[in-house]
Amino acid sequence: MTRGISTFESLARRVYVAPARLGRVRLIVVDGPSGAGKSTFADRLATACATVAATGPKPAMKPASAVAGPAVAVVHTDDLLDGWRDQFTFWPRLSACVLDPLRTGRPARYRRYDWAAGRFGDGWTVIEPPAVLLVEGVSAARAAVRPAATLSVYVTAPEPVRLARSLTRDGTAIQPTLDRWRRAEERFFIADGTPGSVDLLVDGAAELPSGQLAYGWIRDWPDVDAGGAGGAPSAG
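Residue 1 is where the sequence shown starts when you use the working numbering, and the numbers rise one by one after that.
Hint data in this document are derived by calculation from the structure and do not stem from the laboratory.
Every residue gets a Cβ at the ideal spot worked out from N, C-alpha and C, and that includes glycine.
Watch out, some of these pointers could steer you wrong.
Just the calculated beta-carbon pair ranges, DEER-fashion [as the list claims (entries may be wrong)]:
#: 1; residue 1: Asp78; residue 2: Leu167; range: 12 to 20 angstroms
#: 2; residue 1: Glu186; residue 2: Ala117; range: 24 to 32 angstroms
#: 3; residue 1: Pro160; residue 2: Thr104; range: 43 to 51 angstroms
Can you build the whole structure from these sequences, using the hints too?
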């Protein structure tokens with residue numbers, strides 16, 4: 001496995017070189033345990049993808065698919081769960097409301113779960129087919145979706161780091177519930193083989209300058225900065 005340091009912009013350029021596999025949409029799935037840094041990674045990569053789309057690709061890059069919607073959209077799986085007991089069984093909802101429509105060029109349409117109220121909200125979130133869709137959350141890179149993903153990512157961090165982040169973000173009262181959640185996700189990742197089956201492993205605990213990421217490629221990807229050859233990303 002190739003390891004190193006790269007930038008989100010470099011990775012974003014690679015996304016646009018790689019083929020779309022969800023219809024004309026380039027799907028990026030970002031997985032990993034709670035507190036690893038999935039949301040931060042997804043948001044930073046989404047920003048980089050939008051920047052690359054706005055500034056135009058390098059000559060060696062293939063142009064992004066012509067789509068009617070935004071350049072980039074992000075969906076968090078937590079918005080689609082029907083409460084705590086729907087940790088992994090939400091997938092048919094994600095497929096029916098988001099993935100299947102976008103695959104056929106139709107808008108995604110879903111209601112977000114209100115965790116405070118304990119029910120789905122009344123309003124609808126609508127996403128016109130984007131050039132790049134990031135789906136972020138526990139089990140987002142499961143085996144069922146990897147063939148449709150342009151890029152699958154697993155973000156990891158040591159357990160003490162993840163627990164400290166959870167305590168800061170969620171407080172102590174909810175930790176017993178989150179402990180059960182964390183044990184369940186660990187069992188899921190082992191059964192699914194997620195960490196060893198994605199394209200890219202990301203160190204969510206690495207302290208790096210803004211815009212950089214520490215990575216480990218499991219499979220080769222086109223190297224935009226080297227004119228399209230496979231291998232590790234450039235350090236730029």
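These are the hints, each one checked on the structure:
In this structure the supplied range 12 to 20 angstroms holds for Asp78 paired with Leu167, their Cβ-Cβ distance being about 18 angstroms. The hinted range of 24 to 32 angstroms is satisfied by Glu186 and Ala117, whose Cβ atoms lie roughly 29 angstroms apart. About 44 angstroms separates the C-beta atoms of Pro160 and Thr104, a value consistent with the hinted range of 43 to 51 angstroms.
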